[in-house]
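Take these sequences, add in the hints, and give me the full structure.
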Amino acid sequence: MSNRVRVRFAPSPTGGLHLGGVRTVLYNYLFAHHHGGEFVLRIEDTDQNRYVESAEQYIVDCLEWCGLYPDESPQKGGPFAPYRQRERKHLYYEYAQKLVDAGYAYYAFDTTDALEQMRNNLRSDTNTNPQYDHSTRMHMRNSLSLSNNEVLELLEKNTPYVIRIKIPENTTVKFTDMIRGEIHFDTNLVDDKVLLKADGMPTYHLAVVVDDYLMKITHAFRGEEWLPSAPIHILLWEYLGWKENMPEWAHLPLILKPDGNGKLSKRDGDRLGFPVFAMNWKDPKTGETTTGFKEHGFLPEAFVNMLALLGWNSGSEQEIFTLDELVEKFSIERVHKGGAKFDYEKAKWFNHQYIQHASSERLLPLVKPYFEKQGIDTTDAYLAQVIDLIKERCTLLPDFIQQGSFFFKAPQEIDLPSIQAKWDDKKKQFFEAWITAFDALSDWGHTRLEQSFNETMEQHELKKGDVLLPLRIMLVGAKYGPGVFVIAEMIGKTETGERIKNVLSKL
RNA sequence: GGCGCGUUGGUCAAUCGGCUAAGACGCCUCCCUUUCACGGAGGAAUGACGGGUUCGACUCCCGUACGUGCUACCA
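Here this note's numbering runs 12 ahead of the position in the first sequence, where the first position is 1.
Some clues are possibly wrong.
[To be verified] Now the in silico label distances, taken between C-beta atoms and shown as ranges: (1) D271 - T448: 55 to 63 Å; (2) Y492 - T448: 25 to 33 Å; (3) E404 - E250: 51 to 59 Å; (4) D271 - P410: 19 to 27 Å; (5) S343 - K169: 17 to 25 Å.
[What the hints assert, rightly or not] Subject to a maximum C-alpha distance of 30 Å in a straight line, what follows is the list of computed BS3-like cross-link-like pairs (lysine-lysine): (6) K358 - K278; (7) K513 - K439; (8) K518 - K438; (9) K228 - K255; (10) K341 - K353; (11) K360 - K421; (12) K228 - K341.
Don't read these hints as lab results, they were simulated from the structure. Please read all numbers here as calculations on a predicted model, not as lab measurements. Glycine included, every Cβ here is placed at the ideal spot set by N, Cα and C.
Next up, the structure:
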């Protein structure tokens, strides 16, 4: 089938993978799978200066963590390989040349100094950003302003040059965006963007069009920040003679910072104390590490679910979706037009939901490393029981340590003041008596334990309100945790006795 | 500055001309639990502004304001 849906995520390997990037991946993935199509990962490594070696593998790792596997990629290969633009370098020149030959593009020999000079000369209050466009191009050194012989000579002398698109005058470029509807641009306001750089690499503008065409991409999703350059791409599709094959466009709304306005950046995360990248990213140049959602203790399914709802909704009241459900229900038309402020509290709520409803089997491998790091040695069976007991209290994975370490070792800190507030000899005698009483018990189940506790309590003419909380503090160290007799059952008779005696000695 | 895009509670958002404007997060109160949490019940809180069109406008149109994005041989 020739009209099979094909989409692509095309990041440039320059650093960590931003939340918004993951959402773009997600929408691509959902759209592709919804339509039974293919999802391609293409690496746009056309910028030699910003290229970061480890970034590509990092991106692949992030997608893997999220469970958003591409059908074709540099790693996996595919019918349109290679999927790295550096490895496709030889392809672009031909198309740039074709455009020049057809009069849709031209050589430009201007140095960066000349460019800057032009901008400085023309800059004014009413034109704060002079462009290389129809109004200025004839004053610059290019194959439009120079004679054929001059151009030939410059070329022969290997003068560095770029190829620029020649934007037509007095034309309106129109296209229909799947999210925003019809959008149009006046070409007089569009500049002659560089297509092929002096180093022979294409710019994004040329590469995205050539590769989308060559890779038979049918739908192109990208962030809203690309909207202003859309007319360049539309014109290129036209000039290259591929108009009928142009993908449908969808410009996704931005993800904004929670306070104030503006695009969410990694700086905002640092400043406000939440992750922005999917996974920890260590910049090989600066050695600086930026934390990720994974390492903060997010479950990938929660992360993905949260992202799906940031800019899209199903129209129903459902908020928790499996990936399969998202695939089934996703539609690009229901993507919001306006940007969404990122709300970390809501993100945590999603994670809490997923932890609460996850099985101990699912959680065990995720939680175990945290305990191992604490030097806690345990069995999977015991840890699994602990997980089931405390998971509803855990929002992020590290919370399991906070909520569960007393199951493995006596609390380091004990909230003595809370016991001492209403402490007397009568209660002390009760606890001593109860230790003796439960010591004789053969059944150490929590039901039997509670029964024994109640019996001793009545004998001492005490009420639950008098001794239940002190017992909890003795075992847990503070006022939190699951049922206190269940805790006693879990840690065992000896440990229970020791913890009580220990606290008794301190009162 | 120019151009593009956007604008429903603090945040995410439903609504495709009938609204007494859903739901969720967060916040507050209460119940459950003599802990914490979960769960349950309730509460405060919303259509930027001004004009049209219409019997009727949050919904359609036009302005204005505000926000945001772009304006590189970066993506």
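Results for each hint:
For the pair D271 and T448, the supplied restraint of 55 to 63 Å holds, since their beta-carbon distance comes to about 59 Å. For the pair Y492 and T448, the supplied restraint of 25 to 33 Å holds, since their beta-carbon distance comes to about 28 Å. Between E404 and E250 the C-beta distance comes to about 58 Å, which sits within the given range of 51 to 59 Å. At roughly 25 Å, the beta carbons of D271 and P410 sit within the given window of 19 to 27 Å.
For the pair S343 and K169, the supplied restraint of 17 to 25 Å is violated, since their beta-carbon distance comes to about 56 Å. Between K358 and K278 the alpha-carbon distance is near 18 Å, which keeps this suggested pair within the 30 Å criterion. Between K513 and K439, the direct Cα distance comes to roughly 13 Å. Compliance with the 30 Å bound is thereby established for this hinted pair. For the hint pairing K518 with K438, the CA-to-CA distance comes to about 16 Å; that is within 30 Å, so the pair holds.
In summary, the hint linking K228 to K255 is supported, as the alpha carbons are separated by about 12 Å, within the 30 Å threshold. Distance hint between K341 and K353 is fulfilled; the C-alpha atoms sit about 23 Å from each other, no more than 30 Å. For the hint pairing K360 with K421, the CA-to-CA distance comes to about 28 Å; that is within 30 Å, so the pair holds. For the proposed pair K228 and K341, the alpha carbon gap of about 25 Å is at most 30 Å, so the pair holds.
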